[in-house]
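Knowing the structure of chain P, use the given hints to seat chain Y with the ligands on it.
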Amino acid sequence: MSEPVIEAVNVAKVLGSGAEAVAALRGVSLAVSCGELTLLMGPSGSGKTTLLSILGCMLTPTEGTVRVCGQSTDGAGPEDLALLRREHVGFVFQSFHLFPTLSAADNVRLALDVRGEPSRSAKARSREALARVGLSHKISAFPRELSGGEQQRVAIARAIVGNPSIILADEPTAALDGENGQAIMKILAGISREQGRGVLIVTHDPRLLPFADRIVHIEDGRLVGEERGAAGPDMNSRKSYRG
Amino acid sequence: MPLVFTLAFRNLFHDRLRFVATVVGIVFSIVLVTVQMGLYLGFGRTVTTMIDHASADLWIVPRGTKCFEDPSLLDARERYRALSIEGVAEAIPVVIGFADWRMPSGATTPVFVIGTDLRSGGLPPWDLVEGRIEALSTPRAVAVDRSYLERLGISGMGATAEIRQQLVRVAAVTSGIRSFTTTPFVFMDVDRARSHTGIPSAKTTYFLVRLSPGADLTRVRGQLASKISDAEVLTPVEFRERSRTFWLFSTGAGAALFAGALLGVIVGTVIVAQTLYSSTKEHLNEFATLRAIGSSRGYIYKVIVWQALLSAVIGFSIAALIGWAIVRLTAETALPILITPGLIAGLFSLTIVMCIASAIAAIVQVTRIDPATAFTR
Ligand SMILES: Nc1ncnc2c1ncn2[C@@H]1O[C@H](COP(=O)(O)OP(=O)(O)O)[C@@H](O)[C@H]1O
Ligand SMILES: [Mg+2]
Numbered sequence: 008m009s010e011p012v013i014e015a016v017n018v019a020k021v022l023g024s025g026a027e028a029v030a031a032l033r034g035v036s037l038a039v040s041c042g043e044l045t046l047l048m049g050p051s052g053s054g055k056t057t058l059l060s061i062l063g064c065m066l067t068p069t070e071g072t073v074r075v076c077g078q079s080t081d082g083a084g085p086e087d088l089a090l091l092r093r094e095h096v097g098f099v100f101q102s103f104h105l106f107p108t109l110s111a112a113d114n115v116r117l118a119l120d121v122r123g124e125p126s127r128s129a130k131a132r133s134r135e136a137l138a139r140v141g142l143s144h145k146i147s148a149f150p151r152e153l154s155g156g157e158q159q160r161v162a163i164a165r166a167i168v169g170n171p172s173i174i175l176a177d178e179p180t181a182a183l184d185g186e187n188g189q190a191i192m193k194i195l196a197g198i199s200r201e202q203g204r205g206v207l208i209v210t211h212d213p214r215l216l217p218f219a220d221r222i223v224h225i226e227d228g229r230l231v232g233e234e235r236g237a238a239g240p241d242m243n244s245r246k247s248y249r250g
Numbered sequence: 461m462p463l464v465f466t467l468a469f470r471n472l473f474h475d476r477l478r479f480v481a482t483v484v485g486i487v488f489s490i491v492l493v494t495v496q497m498g499l500y501l502g503f504g505r506t507v508t509t510m511i512d513h514a515s516a517d518l519w520i521v522p523r524g525t526k527c528f529e530d531p532s533l534l535d536a537r538e539r540y541r542a543l544s545i546e547g548v549a550e551a552i553p554v555v556i557g558f559a560d561w562r563m564p565s566g567a568t569t570p571v572f573v574i575g576t577d578l579r580s581g582g583l584p585p586w587d588l589v590e591g592r593i594e595a596l597s598t599p600r601a602v603a604v605d606r607s608y609l610e611r612l613g614i615s616g617m618g619a620t621a622e623i624r625q626q627l628v629r630v631a632a633v634t635s636g637i638r639s640f641t642t643t644p645f646v647f648m649d650v651d652r653a654r655s656h657t658g659i660p661s662a663k664t665t666y667f668l669v670r671l672s673p674g675a676d677l678t679r680v681r682g683q684l685a686s687k688i689s690d691a692e693v694l695t696p697v698e699f700r701e702r703s704r705t706f707w708l709f710s711t712g713a714g715a716a717l718f719a720g721a722l723l724g725v726i727v728g729t730v731i732v733a734q735t736l737y738s739s740t741k742e743h744l745n746e747f748a749t750l751r752a753i754g755s756s757r758g759y760i761y762k763v764i765v766w767q768a769l770l771s772a773v774i775g776f777s778i779a780a781l782i783g784w785a786i787v788r789l790t791a792e793t794a795l796p797i798l799i800t801p802g803l804i805a806g807l808f809s810l811t812i813v814m815c816i817a818s819a820i821a822a823i824v825q826v827t828r829i830d831p832a833t834a835f836t837r
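So the sequences go chain by chain: P and Y.
Positions 8 to 250 (the working numbering) are the ones given, in order, by the first sequence.
Positions 461 to 837 (the working numbering) are the ones given, in order, by the second sequence.
It is worth saying that the hints were derived from the structure and are not from the lab.
What you are looking at is a predicted structure, and each value in this text was computed from that prediction instead of being measured.
Each residue gets a CB set at the ideal place from its N, CA and C atoms; glycine is no exception.
Restraint ranges, calculated between C-beta atoms of paired labels, are given here: (1) P:Ser126 to Y:Lys741: 25 to 31 Å; (2) Y:Lys741 to P:Gly23: 20 to 26 Å; (3) P:Gly25 to Y:Lys741: 24 to 30 Å; (4) P:Gly203 to Y:Lys741: 40 to 46 Å; (5) Y:Leu789 to P:Ala182: 56 to 62 Å; (6) P:Glu201 to Y:Arg837: 29 to 35 Å.
Just chain P, same shape as in the assembly (with noise of 0.2 Å):
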């Protein structure tokens, strides 16, 4: 196994305030490596979104280290934590966040955009990435002229386009049917045993876990379980979810 990408060392995270306080997260250790694609699963509310905001630099943890591509995040104050984002990491969300005023080719460039790049080498790394997702017939569709499927698809191509060493994706097929699910997943797989960069989806949907090299398992906050995956090495250690 590869070095961790990214790495969170008994990470406890409090959110809200006063009586609301909730402990979202309560001790969590997980590392996600290059080339690996990881479930993450659990019943709602368990702390899901909340450890893959604090992987990706988004929140900082109450308590705890998160380490990417071996720094430490500690003391990192909010304009480091967007560089380290926009060096490391590709994000991909359940309800695709796409700008509806942008082309697709401009949605991914903004990825580059955001970097500095120049614009010339933008627009040719953006149209690759579009190319990746299997959509270069529609670089220049505006999102209201996709589908789910494609958006999200532009999505993940605004995620790869800067060569992130991480993707993290939060329910990504969850506003998308089957079929389009599936597709997103497959692409998903490419990216991380293709272009060997760790994944690390969020889902509670079964239908995914053929894609998994690595299932965990997250409840009230705390890891319970981890198995083997049916696309990882070991298929032993797979359980069933189907009943």
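Okay, now just chain Y with the ligands, sitting in the frame of chain P:
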């Protein structure tokens, strides 16, 4: 095109109504400021028309004179004292004063008489469209501006009227010599000006001093000041400044114009700030997404500032067109709105500063964005 610019442009045009409101706010504000400042400049120039057109190296004015229209008088004999100073080539008397003009119909209207020694050409009428300056030396001859013919109840060249029960006859007609007080100017010979205004023949309002070639202005001025009693010696620039200051500030006219301009700036800033703020609020989720995918705060500020600058440039262009039309429309009036290149540059900078200042509220708003909300939407 840079993507920040595209994003700003699309954000701006996404909501047409709000965009229109923004532009109307800027246009309203800038046109208001243009009119106020243009009036200020126009007024400032109009009140000194006579000083600007007099050919003098120095003015001898009664002590305490506040403006050209001031009715204080000098002793006419001071002229000889002035001429006795080395370096003084000429000391041309000028007489001014209000008088009543009786039209052929019998009605009367006030006029402002300007009398000068026509042979020396101290302050003769300019921009003649009919008649000649020389004709003014003939008995009873006066010059009036054609824009006042109707007010004076006459038809033009050759018409007669009475000032102080003495007959006058129009021997020259000028174009564009207008008074900001709207009282028509009547030009004539200095001696007749005295009798038409009731000024004693031993008195005069001003002397226009011309220096002989090579004379030292500072030295001549000092000697004039010490020799001539109850008078001040001013350069044309000083007299112009004194007149302008009096009309613009002692009368409160300038303050009122500045207050109007300030009001325009405030109203414009508030409108633009409000629309920019609500536009940013509407796109807050997009800004949060930008932040989530790693953009710096600076990048987001750039989008907002570009929106502000785009609004500024579009608003200013429209305001400039309207301003140009207003200048054209007022060019022939008693109080033209004057727009100088300096004013245009100033207004453009003002528009930019105003729009950027308006962006502050929007920028403060986005600094509080939590990128993690991208996951929970
Ligand atoms: N901003 C917040 N303030 C207070 N509690 C929150 C906030 N966000 C989430 N929570 C709570 O934290 C817990 C974990 O939330 P989350 O990580 O979103 O769960 P999941 O993604 O697994 O559904 C839940 O109990 C949720 O109600
Ligand atoms: Mg969630």
